[in-house]
Structure formats: C-alpha cells, structure tokens
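Participant: So the sequences go chain by chain: A and B. All the letters of the first sequence, read from the start, carry residue numbers 186 to 282 under the working numbering. All the letters of the second sequence, read from the start, carry residue numbers 124 to 587 under the working numbering.
Certain hints may be false.
[Stated by the list, open to error] DSS-like, lysine-lysine: derived pairs with alpha carbons at most 25 Å apart:
#1 B/381 <-> B/428
#2 B/455 <-> B/428
#3 B/428 <-> B/359
#4 A/276 <-> B/381
#5 B/428 <-> B/461
#6 A/276 <-> B/563
#7 A/276 <-> B/536
#8 B/381 <-> B/359
#9 A/273 <-> B/428
#10 B/381 <-> B/572
#11 A/273 <-> B/536
#12 B/359 <-> A/276
#13 B/455 <-> B/359
#14 B/428 <-> B/563
#15 B/572 <-> B/455
#16 B/461 <-> B/359
#17 B/488 <-> B/359
#18 B/455 <-> B/488
#19 B/461 <-> B/488
#20 B/572 <-> B/428
#21 A/273 <-> B/461
None of these hints come from the bench; they were simulated from the model.
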Amino acid sequence: MKMDLLTSLYVFMLAAFIGFEVIRQISPLLHTPLMSLTNALDAIAVVGAIILTGEHRSTLSTILGALAIVAATSNVVGGFLITDRMLKMFKTSGPKK
Amino acid sequence: MTAWLGTDTFIEIIYLVATALFIMALVWMRTPATARRGVRAGEIGMLLAIGGTLLNHNIIEYKWIAIALVLGSLIGVPLGMVHMTAVPQRTALSHAFGAFCVTLVGTAEFYLRAPNVPPFMMSVLAMEVILGALTFTGSLMAAGKLQEILPQRPITYKGQNLVNLSLLAIAIAIAAYLVHDPSRVHLFPLMLIIPVFFGVLMIIPIGGADMPTVISLLNSYAGLSAAAMGFVLDSKLLIIAGALDGASGFILSVNMSKAMNRSFSNVLFGAFGQEQVASTTAQQARPVRSASAEEAAAILGAANKVIVVPGYGMAVAQAQHKVRELYDALSKRGVDVKFAIHPVAGRMPGHMNVLLAEADIPYDKLLDMDEVNDEFPQADVALVIGANDVTNPAARNDHSSPIYGMPILDVDKARTVMVIKRSMSPGFAGIDNPLYYLDKTLMLFGDAKSFVGAIVRELGGSHN
C-alpha cells in the first residue's frame, strides 16, 4: 500500500505538534525516564528491520536487517526495563508520614 | 490462522492501535503517579507492533529474525540493569544503537532500490543515512566521554568549525547529487562514511559539562533519522514514533541550552566552537569562613527550613544515601527540608532527580529551579553539596563573568549558606565562585559522603 508522500508529511507535522504539546507538560522531574522511554519507543524501527530481514531480497539486506534487529531490540528491552526501574523509585512523602 | 490476519489492512490497524498507545505512554509520563502506566502502554504497543509485523505475508524466512530478536533481548537486559549513575552513558549508547539500526536499514534499502530511486525518496533516504551515521558515532563518543573511557576535556584546534562544517557540506552535496542522479551508486559509501567521521569530530570539542545538552540533541537526531526511515518505508507508525522522539529531544535540548545560557543556534548543531574559558589561576587566596560538622549540625538542627542544593559532585562522592539520612534526621526534628534541582545538576536532563529518588527521597521534595528560587529568601540554611557553577552569583551580576546570564539557584539569598567542598579549587568551567567569600557562607571542607555522615552523627540520626 503506497502512501502519498504528502500525506506522510502531514502525519509527521501533526505528530511533531502532538509531541511538542505533550512533552512540554512533562515535569522536569521525569526527564531522564522520559528520554529512556522515547528511546524505547523510537526502537519501533525494529518493524522495518524485521520486514527487511524476512523478505530476504538479497544477502546484504538480510545481514544488515538482522544486525538492525539486534540493535533495535536491545533498545526496546533495555529501554523499557530501565524506565520502569527508574519510575519504581519515585515515591511521594505521601500520607503515611 | 485465517488469511485475513496477514492482510495489510489488519496489520495497519494493529499499527494504529500501537501508535495511540505510544502517544498515551507519553501523556501518562506527565506525573510520577501515572508514569508506570505509560511504560505499560508503550510495552503493549511495542508487542502489538512487532507481533503484527511478524504476520506480514512478505516475510518468507523467520530464522534470522528469531535469532536477532533473541540476541537483541540478551544485550538489552544488562543495558536495562545498569546503575543509576550510569544512566547517561547507557542512554547515549542506546541512541547509538537506534541510529545504527536506522543507518543499516537505510543502506540496505538504497542498494535494493538503486538505481531507480525517485528524488523525494532519495532525499529522505540520504537524510536517514546521514543523520543516522553521525548520531551513531556521535553517541558512541558521548557514551565514551561519560563513561570516562575518553578524555572529558574538550579537544579543540584551529579551524575546527571550518573542517567540521565543510565535511557536513560535502556529505550534503553528495546527497544532492544522488538525488539528481541515483545511478551513481558508488557515491553512496562516501555519503555514509563522511557523517561517520563527522559524528566523531562533532563531539571532540565538547566538554563533560555540556553532556546534558549533547545527549538531548543526539536524542533528537535519533528520532528524526527514525522518522526519515518511516518516510522511506511508508510507515506512519515509524514517522510518528520518530517525530515524538525528535520533538522530545528537541525540547530537552532547548531546556538544557537555556539552563546553560547557550544560544539556540549553538544547540542546533551541537555546542560548536564554545569559548574555552581561560582558568584564572592567578586567584588570590581570599579569606573564607569554615566550620566543623558539629557547628554545621547545630545550625541545621536549629533551622526551620533547609534547602539542599545537590550537584554532580554529590553523586560522584556516592553521598546520596547519606543525604537521605540527613533528610530523615532533620525531618524528624521538624525541619522543613527541600531539594533544589538545577536543570543541569546531573549528566543528563532530570538525572539528579533519579539519583535522589533512588536514595528514597520523596519526589515532592525535589523542586526545580523556577519553583525553588522564590523559597531561598525564607530558608534558614542553603546546603550546597557538590554543586558549584549553578550557585555562582556572578552569573547574575558580574558582566565580565564567562557564565554571566546563566540561570542559577539563588542560594546566596538564604540566611546561611553552607558549602561542602573538597578544597577551594574552582569547578568544571574553572570559574571562581564569589559565593564562597560571603560573610554568611560557611565552607565545610571534606568529602561529601563522610562530611554529611558526620553531620548526621552529630544530629544523632545515623543508621549505623
């Protein structure tokens, strides 16, 4: 399914606006977990690498694709893991004190 | 499995759901109370997207996919388990991995498509590869500097900016030529290799103190290169994820540059050509007042309101757990203790908050610069631990100071200022701090961890 390039540009522009609006509201308190989370989400590039590898169109593309999967998957796993570890530590002085 | 499951429409719907989950993940990151829900949403979105992709009927061979997924997970787990002080270099490394993935896919796509690449496609492909390659090596360099494998000191030479910018210009010129004539396949490796070098050269002149800005900037580049890959592969999901990541990195780098008083254009292409501050070694030994742990404890114990100003020196000294004990001991006496977090207090945006949260300090006591500056005049004591330049009043009133204009924490407005410091040597930027010579300032000379420990003992609140 070929997508109109102009449509892609619209999608990009709207996503960038949403990104700016949503991320501006995130407290500086959480900027480190934010960066590791967006990093994990960014590793969605793995889907492109999976198709590239699986289509097996040339030896080069399969090798590069497989390496790309390794790199992106390590970001997915490591990124979500560390984000959750960090967020687990954030506690409020809350009602119990 | 019915044939319907493998259709493009079905997979696109899965991607649509994943996209929504990604956006919700960021929305939930707004507050610590919902942030973990955000991580769950992101994880579910990711699993859906990967699962959906595996249904794609163009995939004829699963063996290498499976091996690569397992291998990547095995590498990812230790990277997710690093110590909190190592999070900045881990983040830099993951930017490198992300950019590596994007560059490889872009390269493969070019060789599969060449020589018939339409101009727009070639433009985004070139952008993907150039941004990806320079982010890859740039992030590796940043990770190396943060891990202190590479020298943290900036390395500069005459004409550095000219060399760097010309390299980038050459890469862009090659890209333009390939857009014009994509059959010149032999030019592609050149377009790939130049940004690889550029990435290294870009980071060489940047010092350790600028790392928060650099990491954010590389984050933004990594996102943009992924978005470019989305254009190449016709993937809306990837375009959106890349745009979100790019926007996030962009906002963070603007924040960081403001916090360090750097101009915006300075940020866009890295902290190029920052002026090297000649360290003023000719400083006369001016009198300072120093105090013992006992005296410090007496003042802190009698205070109503104490604001602690932690800097990276605190983390280097591994003093955060002792600081928590101090917080506990003072809170028990009814002292109101808060923490003032400068945006560049750690090695990456928000890093100091993570380090203090790890030490079990409640996050509602961690205030950022704008919130806390109004509170200093009411504070009895401002206790500075391992921070220097971010407390330097010269940034506010000394036009000749190299850090003039940088937003600082107004610690000098507190009734008493205490500074824990090893010696009188100046900080990262080599700038003397007039704060130390004020009448209200008490210098507490010593290692942050043992000195805070000594204060806690004096207060009778030590755990050991």
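Participant: Which hints from the list above does the structure break, by number from lowest to highest?
Facilitator: 1, 3, 4, 6, 7, 8, 9, 10, 11, 12, 13, 16 and 17
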